[in-house]
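Quick note, the sequences are listed as chains A and B, same order.
Just add 1327 to wherever you are in the first sequence, counting from 1, and you've got our numbering.
Just add 1327 to wherever you are in the second sequence, counting from 1, and you've got our numbering.
Think of the hints as simulated: they come from the structure by calculation, not from any bench.
Each hint should be verified, as a subset may be incorrect.
Same chains, same names: a pair is fine if it fits in one copy or spans any two.
[As the list claims (entries may be wrong)] Straight-line Cα separation of at most 25 Å, DSS-like style, residue types lysine-lysine; simulated pairs:
1. K1553 x K1597
2. K1597 x K1383
3. K1470 x K1537
4. K1553 x K1347
There are 2 protein chains.
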Amino acid sequence: MRDFSNDHRWLSLNTATVRKQGDLVAIIEACARHGIRAIDPWRDQVAATGLDRAVKAVRDAGLELSGYCRGGMFVADAAHRIEARDDNRRAIDEARALGAPCVVLVVGGLPQYSRPGSVASRDIAGARTQVHDAIAEMLDYAKAANMPLAIEPLHPAYAADRACVNTTKQALDICDALDPTRSGALGVALDVYHIWWDPDLLPQIARAGKQRLLAFHVCDWLVPTKDILNDRGMMGDGVIDIPSVRAAVEAQGFAGYSEIEIFSDDWWNKPMDEVLKTCIARHRTVV
Amino acid sequence: MRDFSNDHRWLSLNTATVRKQGDLVAIIEACARHGIRAIDPWRDQVAATGLDRAVKAVRDAGLELSGYCRGGMFVADAAHRIEARDDNRRAIDEARALGAPCVVLVVGGLPQYSRPGSVASRDIAGARTQVHDAIAEMLDYAKAANMPLAIEPLHPAYAADRACVNTTKQALDICDALDPTRSGALGVALDVYHIWWDPDLLPQIARAGKQRLLAFHVCDWLVPTKDILNDRGMMGDGVIDIPSVRAAVEAQGFAGYSEIEIFSDDWWNKPMDEVLKTCIARHRTVV
Chain A
1328 MRDFSNDHRW
1338 LSLNTATVRK
1348 QGDLVAIIEA
1358 CARHGIRAID
1368 PWRDQVAATG
1378 LDRAVKAVRD
1388 AGLELSGYCR
1398 GGMFVADAAH
1408 RIEARDDNRR
1418 AIDEARALGA
1428 PCVVLVVGGL
1438 PQYSRPGSVA
1448 SRDIAGARTQ
1458 VHDAIAEMLD
1468 YAKAANMPLA
1478 IEPLHPAYAA
1488 DRACVNTTKQ
1498 ALDICDALDP
1508 TRSGALGVAL
1518 DVYHIWWDPD
1528 LLPQIARAGK
1538 QRLLAFHVCD
1548 WLVPTKDILN
1558 DRGMMGDGVI
1568 DIPSVRAAVE
1578 AQGFAGYSEI
1588 EIFSDDWWNK
1598 PMDEVLKTCI
1608 ARHRTVV
Chain B
1328 MRDFSNDHRW
1338 LSLNTATVRK
1348 QGDLVAIIEA
1358 CARHGIRAID
1368 PWRDQVAATG
1378 LDRAVKAVRD
1388 AGLELSGYCR
1398 GGMFVADAAH
1408 RIEARDDNRR
1418 AIDEARALGA
1428 PCVVLVVGGL
1438 PQYSRPGSVA
1448 SRDIAGARTQ
1458 VHDAIAEMLD
1468 YAKAANMPLA
1478 IEPLHPAYAA
1488 DRACVNTTKQ
1498 ALDICDALDP
1508 TRSGALGVAL
1518 DVYHIWWDPD
1528 LLPQIARAGK
1538 QRLLAFHVCD
1548 WLVPTKDILN
1558 DRGMMGDGVI
1568 DIPSVRAAVE
1578 AQGFAGYSEI
1588 EIFSDDWWNK
1598 PMDEVLKTCI
1608 ARHRTVV
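Excised from the complex, chain A in its bound form:
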């Protein structure tokens, strides 16, 4: 496992971590101040700044990207499927313009939450079939753009409203079905928050191997968790044995960024520089 204790060259900042403190340009400037070499920006932040301006800001700061958040939300009723398809194609175009190594996919849960306005359903098995089919379709466009897709399994607490792919095994089953040759076009984004509880995690990381491990995200699981979406913890403040997961991922050859993504009302209420200083300190000591 790489030694992170001496510097933070492998730290990437998912820009949602400080989304309330400033716009994308302000976040990029703060990363430059703190010697952070990579970010994973969100589409809404890019849209607010303007794609061209975002591309220029990233280049001017000499930043790399560790991903682009996010595509997906595939589950929809018939009336909303074309919208979902086109929206995901635009995500690929934007990722390419920004120089992202992959588009992270949050696949969507039930249609009424994934694509609001869709007819409500309780059919999670049907949602999973839709996700499979929609990734198959998106993959053609992504391959043509030479843009890998990283399926992010989300914690089962989000099965209804955000993602019906809830385990690493499920994500890898889709990868194996749609990309049996392990071409590099399809893989997974693993966030310790979503997967730490899984008794099947280590075998599935081994199954993934280097070619499927496209992104690695860290934060922590707090006890108690006051809000299931926006009470994620700073690394070290919760119960996840983060180094054991990173060790497993790196044992497969993963050598990319360790991306910090924290949705937290608490951390959104602190100054951006304080958050980034804390991220760097924890990256060096508990990741």
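Assemble the complex: chain A is given as a structure, and chain B must be docked to it using the hints.
Same frame as chain A, but now just chain B:
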């Protein structure tokens, strides 16, 4: 699948559902008023009433039990393991006195939450090993008392603080290891709230079979879920396709009670009779 639409003879009330509205005796009286034939009482409610008085109240009302909640919380540091063992033996003794068909096991998460005062740990794999060993030990005592143990897999959102057995597969793996002959002494309690999201659910229910299916609990998953412990929904108010799970369980031969267990600040704030009337109506229409 049994037809529940004409009566509620297969409705059991987990007494936690109305724990804030009255003590165990008041709940038993309310069940009698509403023609509810079975309950699953909690140990703290029995203790508050007194075991002898609880036994008499259950008998006088002619109630059956669908389970006894709960044993478990096995994970502990060395200083707290004897306490955990003895506590679980008392749970078996109480269940026997009450005429329960099984003791439901919530196995515990990390030691600092499972048995407060224990030395803190992030070792969830170690917790799982402890659970396996402790159930093996408890099973000897349970067999001597002729009291089946029902392992309840809990939603992964509780992996840290309540139960590190988070899937039906995990629970059944323990059953198969400790009771390979399927003697009836060890099985599972399946609550739709905890398992509805699991892509492996239907195959695991088939794997369980009648001999492992010792209890079946219902409520619903609300979107949004405002509190991860105490915002469970009344059946029909959430996203779970409950009949599909009940159909799978009954296809294996399960013919026991459909037990309603709702931890909800909203429902705890309504009059007991209103809650029970609603439970009965929903049992007949959406379970």
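Hint check results:
1. K1553 x K1597: both (18 Å within a copy, 24 Å between copies)
2. K1597 x K1383: For K1597 and K1383, neither the intra-copy (28 Å) nor the inter-copy (58 Å) Cα distance is at most 25 Å.
3. K1470 x K1537: Result: close within a single copy only, 19 Å intra versus 48 Å inter.
4. K1553 x K1347: For K1553 and K1347, both the intra-copy (19 Å) and inter-copy (22 Å) Cα distances are at most 25 Å.
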